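Numbers 1 to 71, taken from the working numbering, label the letters of the sequence shown in order.
Note that these hints are calculated values from the structure, not bench results.
Please note: incorrect hints may appear among the correct ones.
[What the hints assert, rightly or not] Computed Cβ-Cβ distance ranges for the label pairs, DEER-style:
| id | residue 1 | residue 2 | range |
| --- | --- | --- | --- |
| 1 | THR5 | ASP40 | 20 to 30 Å |
| 2 | GLU38 | THR5 | 18 to 28 Å |
| 3 | GLU9 | ASP65 | 27 to 37 Å |
| 4 | ARG39 | THR5 | 13 to 23 Å |
| 5 | VAL64 | ALA19 | 14 to 24 Å |
| 6 | VAL64 | GLU20 | 12 to 22 Å |
| 7 | VAL64 | LEU30 | 15 to 25 Å |
| 8 | ASP65 | ASP8 | 17 to 27 Å |
| 9 | ASP8 | VAL64 | 17 to 27 Å |
The structure presented is a predicted model; accordingly, all values stated were derived computationally and were not measured.
Cβ coordinates follow ideal geometry from the N, Cα and C atoms, glycine included.
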Amino acid sequence: TKTRTMYDEIHVEDVRNSAEHLFHRDLVLLGDVLEHVERDEAVDLLQRAEAAGAWHILVSVPIVDSQQGEV
1 TKTRTMYDEI
11 HVEDVRNSAE
21 HLFHRDLVLL
31 GDVLEHVERD
41 EAVDLLQRAE
51 AAGAWHILVS
61 VPIVDSQQGE
71 V
């Protein structure tokens, strides 16, 4: 697909169980992810990405509050 030609790697998985080496990247993109986990899990995820050496972390979340739960 066109998206796959734009990125070297795309990982689709439960980010709470992702291996630490996946966060050691120039850019970690968390698009529409954090609103699906509890706040403490979201904070932990961001801290894990930073500790693993992510140069940049881009977060995208909805601008309105809506309880969605896990997907």
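Hint check results:
At roughly 37 Å, the beta-carbon separation of THR5 and ASP40 lies outside the given 20 to 30 Å, and the hint is violated. For GLU38 paired with THR5, a C-beta distance near 35 Å fails the hint of 18 to 28 Å. Evaluation of the 27 to 37 Å hint for GLU9 and ASP65 yields a pass: the beta carbon distance comes to about 32 Å. At roughly 35 Å, the beta carbons of ARG39 and THR5 sit outside the given window of 13 to 23 Å.
The given range of 14 to 24 Å is broken by VAL64 and ALA19, whose C-beta atoms sit roughly 33 Å from each other. Distance hint check: the CB atoms of VAL64 and GLU20 are about 32 Å apart, inconsistent with the given range 12 to 22 Å. The supplied range of 15 to 25 Å is met by VAL64 and LEU30, whose beta-carbon atoms lie about 18 Å from each other. Judged by the Cβ atoms, the range 17 to 27 Å given for ASP65 and ASP8 is violated: they are separated by roughly 35 Å.
Checked against the hint of 17 to 27 Å, the pair ASP8 and VAL64 fails, with Cβ atoms roughly 33 Å apart.
Checked against the numbered hints above, the structure breaks hints 1, 2, 4, 5, 6, 8, 9 and satisfies the rest.
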